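A.B. asks: Sequence:
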Amino acid sequence: MDQHFKIKDRKRVKYGTFYESCSRSLTTSSSLQCTQEVNSCGHVIINTKQIPVFRGCGGPLVGDSNSSSDHFGGDGLGDVITDKDPQWEEKLQREHAVNAMIRLVSENQNQVSLVALGPLTNLALAVRLDPSFPQKLKHLFIMGGNMEGKGNLTLCAEFNFALDPESAHIVLEDFLCPTHIASWEYSCRNALTWEFFEELMNQDAPAARFMKTITSKCWAYSKEAMKTKRDVYFRPGFVSYDAYAMAACIDGSVVTESIECPVRVELQGSMCRGMMALDRTNKLKKSHSVFVMSKCDVAKFSQLLMESLRQPCNK
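UniProt numbering numbers the first residue of the sequence shown as 1 and each following residue consecutively.
A couple of the hints might just be wrong.
[As the list claims (entries may be wrong)] Heads up, simulated BS3-like pairs for lysine-lysine below, C-alpha to C-alpha not over 30 Å straight-line:
1. K136 with K91
2. K91 with K295
3. K138 with K286
4. K138 with K295
5. K212 with K300
6. K295 with K283
7. K300 with K285
8. K285 with K138
9. K91 with K300
10. K283 with K138
11. K295 with K212
12. K285 with K136
13. K283 with K91
14. K150 with K286
15. K286 with K91
16. K285 with K91
17. K136 with K212
18. K295 with K150
19. K150 with K285
20. K150 with K283
Hints are computed from structural coordinates only; laboratory data are not their basis. On a predicted model such as this, the values are computed, not experimentally measured, just so you know.
Take these sequences, add in the hints, and give me the full structure.
C.D. replies: Shown next, in the form of C-alpha cells:
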C-alpha cells in the first residue's frame, strides 16, 4: 500500500493486513505532513513486525505542500492518542519508500497488486527511476480522482489528485498495467448509513474499540457535523473512502460495474487543476484505458468492513 495516513487509513490498514490475499502488500507513506503522519502510521502498525513501514516523499513534485490539519485531526488520528512510542522513528525501515517499491516489485514481478491511497508522488517517482516498474505490477488500485468535475479540496478536483496533480498525471499516463480507480463520486454514491457506522464501531473487538476512540472527536465521523461538499452533491452518509479501493483489491466482485476508458489529469487552470477527465469518446487517442469503478455491491462491502474490525489486533 502507498498511503497518506489518516483515520480512514487506519481502517483499511487493518482491512488490508487481515485478508490473506493482500497480506504481502507493501505499506509506505507518501504523506504531505510526513513526520507527524508517519508517526501515526507507526503507532497503528509498526509493532506488527510482518509489515515494514517505509517513509516516502514529504511533498508534491511541483510547488509546496497544500495539506493542513483537517477534520481527521492534526495527527491524522483524531488527536486522542497520548501514548505514542517515542522511539517510533527507529523502527522505520531505512530504505526510501520509492526504492523499496521498485525493489520489492522487481523481486515479485506480476505478483504484486499495489493499492495507492494518497497523493501519487511515490508512484510517479518510481516510474521515473524505473520506467519498467508499471509493467512489473499485476494490478494498480487507486483511491482518488473524480469523474464529473465535482471536487472536495478544490472546486473541481479530488483531495489526493489536487495535492499533487503532476504525479497523478504521470501515473495515469505511464502506468500501463491494469489500473482500477475508486473515484470520489464512486465512494460518495456508495455511502453507508450512520446506523451502520454505529454498529461497526460498537463491535466487541480491540480493533473496533480503537477505531471508536480515534473517531470520537472527529467531525468527519459525526452525522451532526456541518454540511460538507459531499453532502451537497450526494446523500448524507458514512464514507470510508480508501476502503473502497482496498475492497476492490481484496475481492473484485465488490465492484459490480466499471467504466473502461482513457483518462487524463488536467494540469492547467485556476479551477480545474487536478481534475480527472474521462475520455469515453476517444478524443485523446490514448493507447491504454483504465477501469473507473461506477457501481458497488454495498452489502458485500459492508460485510468486509465489519469483518476487518472484528479481528484481533495481532502484534
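A.B. asks: Give a verdict on every hint.
C.D. replies: Cross-check of the supplied hints:
The hinted pair formed by K136 and K91 meets the criterion: a straight-line CA distance of about 29 Å does not exceed 30 Å. The suggested pairing of K91 with K295 is violated, with an alpha-carbon distance near 40 Å, which exceeds 30 Å. A distance of roughly 21 Å separates the Cα atoms of K138 and K286; the hinted pair therefore holds under the 30 Å criterion. With a C-alpha separation of about 23 Å, the suggested pair K138 and K295 falls inside the 30 Å cut-off, and the hint holds.
Straight-line distance between C-alpha atoms of K212 and K300 comes to about 22 Å, which keeps the hinted pair within the 30 Å bound. At most 30 Å may separate the alpha-carbon atoms for a hinted pair to count; K295 and K283 meet this at roughly 25 Å. With a CA separation close to 36 Å, the supplied pair K300 and K285 exceeds the 30 Å bound. For the hint pairing K285 with K138, the CA-to-CA distance comes to about 24 Å; that is within 30 Å, so the pair holds.
Between K91 and K300 the CA atoms are separated by roughly 36 Å; this puts the pair beyond 30 Å, and the hint is violated. For the suggested pair K283 and K138, the alpha carbons sit about 28 Å apart, so the restraint of at most 30 Å is met. Simply put, K295 and K212 have alpha-carbon atoms about 28 Å apart, close enough for the 30 Å limit, and the pair holds. Among the hinted pairs, K285 with K136 is consistent with the structure: their alpha-carbon atoms are about 24 Å apart, no more than 30 Å.
Only pairs whose Cα atoms come within 30 Å are accepted, and K283 paired with K91 is rejected, the gap being roughly 49 Å. A threshold of 30 Å between alpha carbons decides the hint, and for K150 with K286 the separation of about 24 Å falls inside it, so the pair holds. Between K286 and K91 the alpha-carbon distance is near 43 Å, which puts this suggested pair outside the 30 Å criterion. Taking the CA atoms of K285 and K91, the gap is about 47 Å. The hint is violated against a cut of 30 Å.
Straight-line distance between C-alpha atoms of K136 and K212 comes to about 39 Å, which puts the hinted pair past the 30 Å bound. Taken as a hint, the K295 and K150 pair is honoured in the structure, with Cα atoms around 18 Å apart against an allowance of 30 Å. At roughly 25 Å between alpha-carbon atoms, K150 and K285 fall within 30 Å of each other, so this suggested pair holds. In summary, the hint linking K150 to K283 is supported, as the alpha carbons are separated by about 21 Å, within the 30 Å threshold.
In the structure shown, a violation is registered for the earlier hints numbered 2, 7, 9, 13, 15, 16, 17, in ascending order.
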